[in-house]
Amino acid sequence: MGVPSTRSAMPVPYPPEPWHLCGDMHAALWLLPGSVLPPWTVPEEVRPLSVGGRRALVTFWVDYRADGDLAYRELLITLVVRHGRTVAATAVQAWVDDERSMAGGRRLWAIPKQLADLRFETPVGSGHRRAALHARVTPRRAGRREPAATALCRELLRLPVRLPLRAHLLQRRDDGTTCRVPLHVVGRPSWTRVRWRVDPHGPLGYLSGRKPVAAVSLRDFRFTVGAA
Numbered sequence: 081m082g083v084p085s086t087r088s089a090m091p092v093p094y095p096p097e098p099w100h101l102c103g104d105m106h107a108a109l110w111l112l113p114g115s116v117l118p119p120w121t122v123p124e125e126v127r128p129l130s131v132g133g134r135r136a137l138v139t140f141w142v143d144y145r146a147d148g149d150l151a152y153r154e155l156l157i158t159l160v161v162r163h164g165r166t167v168a169a170t171a172v173q174a175w176v177d178d179e180r181s182m183a184g185g186r187r188l189w190a191i192p193k194q195l196a197d198l199r200f201e202t203p204v205g206s207g208h209r210r211a212a213l214h215a216r217v218t219p220r221r222a223g224r225r226e227p228a229a230t231a232l233c234r235e236l237l238r239l240p241v242r243l244p245l246r247a248h249l250l251q252r253r254d255d256g257t258t259c260r261v262p263l264h265v266v267g268r269p270s271w272t273r274v275r276w277r278v279d280p281h282g283p284l285g286y287l288s289g290r291k292p293v294a295a296v297s298l299r300d301f302r303f304t305v306g307a308a
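Numbering (the working numbering), first residue to last: 81 to 308.
Don't read these hints as lab results, they were simulated from the structure. Given the structure is predicted, the values throughout are model-derived calculations rather than measurements. Just so you know, even glycine gets a beta-carbon here, dropped at the ideal spot from N, CA and C. Treat the hints with care, since some could be wrong.
The calculated label-pair distances, taken between Cβ atoms and stated as ranges, are [unchecked claim]:
id, residue 1, residue 2, range
1, 236, 179, 32 to 40 Å
2, 237, 285, 13 to 21 Å
3, 236, 164, 30 to 38 Å
4, 195, 116, 21 to 29 Å
5, 119, 290, 13 to 21 Å
6, 266, 115, 33 to 41 Å
7, 280, 232, 15 to 23 Å
8, 225, 257, 33 to 41 Å
9, 116, 307, 33 to 41 Å
10, 241, 281, 27 to 35 Å
Go ahead and model the full structure; you've got the sequences and the hints to work with.
Structure representation (structure tokens):
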């Protein structure tokens, strides 16, 4: 089983790949027992990466700005996987506040994006030297009024470089084939501290009461998603 279907009266237009995006992202690494995680769909040829008997997840709060192909906000959950001798990731949950991003992510790359209300705010009193972000996500589904998760990210140390990174996602399509999604991002990194609050009964309940082991931010990034 691949990406679940969504009903739409007519196709939603979206940019062709690759997408050229820009903005700020806030990432966190989690190590969790495999027994607490949902039974996510991953490509047959990959296996979850084990670190001390735990599964590795990376979460991303991302603010994509209007200078790129699309402007929207996103919460992305990825499972770190092994593919032969290489390490990659599979996007297992994603929420965005833009229908074009949802449609394109699903159809181009089999990323299981869903619509949500996402809010990113700078807390009152946050100075330039210690930038902060308060983020929250509320999935758009019947009866849901409270956020599924909120996060407070605080910058600790900004590095005076622009760092290039390359990676790729491996996603399983509905027909069982695997989609490889190349990623290339360049931005200004900083060490951060992040504190999450999660609804234990919501779609991110497996993160409730847990803390990430590391967190970083990448500001003013330029991000290319997909193959040329």
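Hint by hint, here is what the structure shows:
The given range of 32 to 40 Å is respected by residue 236 and residue 179, whose C-beta atoms sit roughly 36 Å from each other. Remark: the range hint 13 to 21 Å for residue 237 to residue 285 is contradicted by a beta-carbon distance near 32 Å. In this structure the supplied range 30 to 38 Å holds for residue 236 paired with residue 164, their Cβ-Cβ distance being about 36 Å. The hinted range of 21 to 29 Å is satisfied by residue 195 and residue 116, whose Cβ atoms lie roughly 26 Å apart.
In this structure the supplied range 13 to 21 Å holds for residue 119 paired with residue 290, their Cβ-Cβ distance being about 19 Å. Distance hint check for residue 266 and residue 115: the Cβ-Cβ separation is about 38 Å, which falls inside the suggested range of 33 to 41 Å. Hint check: residue 280 to residue 232, Cβ distance near 18 Å, so the stated range 15 to 23 Å holds. Range check, residue 225 to residue 257: about 39 Å between beta-carbon atoms, so the 33 to 41 Å window is met.
At roughly 34 Å, the beta-carbon separation of residue 116 and residue 307 lies within the given 33 to 41 Å, and the hint holds. A beta carbon spacing of about 42 Å between residue 241 and residue 281 contradicts the range 27 to 35 Å that was offered as a hint.
Consistency with the previously given hints fails for numbers 2, 10, ordered from lowest to highest.
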